[in-house]
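Mind docking chain B on chain A? Use the hints.
Below, each chain spelled out in residue letters.
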Amino acid sequence: MHKFVVVLPSLLLVVISSLLASAVSIAEEVEMDMDLMQTIESTNDNLSSNIALENAESAIADAKTLNELFAIVAEHYKKEAAKGEDVAEAVDLSTKSIKFSDEIITFLEQKDFESAAGTATDLARSCKTCHNFYKED
Amino acid sequence: MDNKSRRDFLKNSSLGVGGAALAGAIPGINISAASAAELIDPLAPKDPHFQAKIKSVIWLHQNGAPSTLDLYDYKPELVKQAGKGVPDSFLKGIKTSTQGGVNELFVANNRTWKQYGESGAWFSNLLPNLAQQADKLTFIKSSVTIGATHDISILKLNTGDLNPGRPSLGAWISYALGSANPDLPPYVVLYNGSSEPRAGSVNWNSGFLPAVYQGTPFRPGDSPIYYLDRPELRSASQQRSSLDLLNRLNKLGAENRPLDTELKARLRSYDLADRMQVAAPEAVDLSKESDATKKLYGIDDAVSGSYGTSLLRARRLVERGVRFIQVVSGAPEGETEITSWDAHDDLEKNHNLMAKMVDKPIAGLLEDLKSRGLLDSTLVVWTSEFSRTPWGESGTGRDHNPWGYTQWMAGGGLKAGFTYGGTDELGVQVADKDTAVDTYDLHATVLHLLGLNHLKTTFINNGRSERPTVVFGKVVKEILA
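Residue numbers (my numbering), protein chains in the order written: chain A, 1 to 137; chain B, 1 to 481.
Everything labelled a hint here was simulated from the structure, so no lab data went into it. The structure displayed is predicted, hence computed values, not measured ones. Treat the hints with care, as some may be off.
Stated by the list, open to error - With a Cα cut of at most 35 Å, we get these calculated DSBU-like pairs of lysine-lysine:
#1 B/K46 - A/K128
#2 B/K433 - A/K96
#3 B/K456 - B/K55
Extracted from the complex, chain A is given alone in its bound form:
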């Protein structure tokens, strides 16, 4: 009985750890699925529209969201690269996208909509280049 009492918490710990590990892995997979990419795409569409409408507040919110989402994308590809996958282009482009969204936020805070629009186009181009490399059939 004593043995069992000692072993039980250890077993529970193993079960919980493995559940947590698989939950993290599922979360990661969910984070990098089509939903995330579609969220990025629609947020990018909104950003472009809000810049054109000179709606600074909404555009900044969009750019901040994109900034966070690209951080997830960059992190994912860095991990893939560490595993030896040939994803150098994706790491580069997602890192560039974080930089672009940073710049857009700065331009928008200065109410420089023209520069923000130009950089938003660079950002969209960066997304497109990446999709050309890694799109699914």
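Positioned in the frame of chain A, the structure of chain B alone reads:
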């Protein structure tokens, strides 16, 4: 507030129906400064954002996707490696879908190459006449697009999207600049052959822009627009009298409804149709063109005759102020076997015929525009939905290649006799990805030459600001003079 003062209030505060609909939508126009004519007439001429280099565009869509590796993009390495497999390094980053897989590299037996003009541009033996115009051309040899079916990629070429619903480039231009000739539509579509181009009107529609901006297809033959002809039993003066009466009655109604823009638009459309009955057939009537001009366009030849007729009509439309003329290549008169550039097999037979159909007419168009002093104010764009692979398909054909191909432009505001970008040694894909020119970039550049900033050419649709280049587009500044 009585009726009159309410009307005045709405008029003065620009909160009328027209004002609300158009506020912020017209480039270069502040709604409070927009004249009544602009609100009433959606085709009234509008100022560009900055000084334009050109007034008109002739958009030469080579339907079916010619192999630019067989026309402009000379690849000695491809000739050397013909019959061998494609090294993996050339296929990195692309997804191929050629039936039976990527085959051996293919070169047509009869292909020869030569450099022309001071620019030294390469042309194959398929384009002997166009080669003489080498120094007028600005090549973009790093064109890319999304490769799908022809219909989908043609849609992207014209509207910037893979799904129907967005306005075509010509519609955006009509919307942004209005009409330079009140008697003709600002956007005309021409084609040769017995039927309308594949995928049809979705490629010249106005999408979410008002329908008035869509392209008007002109049929081959003497009667270019369906249902435009006046019935034989009705004289021109009878028709004019009826329209005058209708006008008077409608004007009486309009006086009591000053904000009814729909009524005014209808009045205008009756008059436009009346004027177009004279103007449109005259614009496409080649009877007053000299034999030498017709010969220049290859109209005296059975293979190039119908396409040459389209291009001579295009020049006449440019002379009459039409902003955007979309010419879709069809088939030579009477040809039923080869009806486009789509050469999945027997490329040699296909391209011999298709190149012969367009070579002399396009060379003639460039020569004619130049000699009439129109080339500086016109932009000619040679474009296609994608191009073709360096590897063979079905033994003697080529598959679709969206990863790297050639398009060219000629006319005002460009560096003539200039080449931008390039493909890899075998012509599989763009050599330097930073120089890739996608459809959106081509559209942004055309708009720029017309004096329009693509980022500021906007229309509010369902609360969202839309633009011709979707969320993409970069002017290819390197090719600008």
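Hints, verified against the model:
1. B/K46 - A/K128: Distance ~33 Å between B/K46 and A/K128 Cα, so the pair holds.
2. B/K433 - A/K96: holds, 15 Å
3. B/K456 - B/K55: Distance ~19 Å between B/K456 and B/K55 Cα, so the pair holds.
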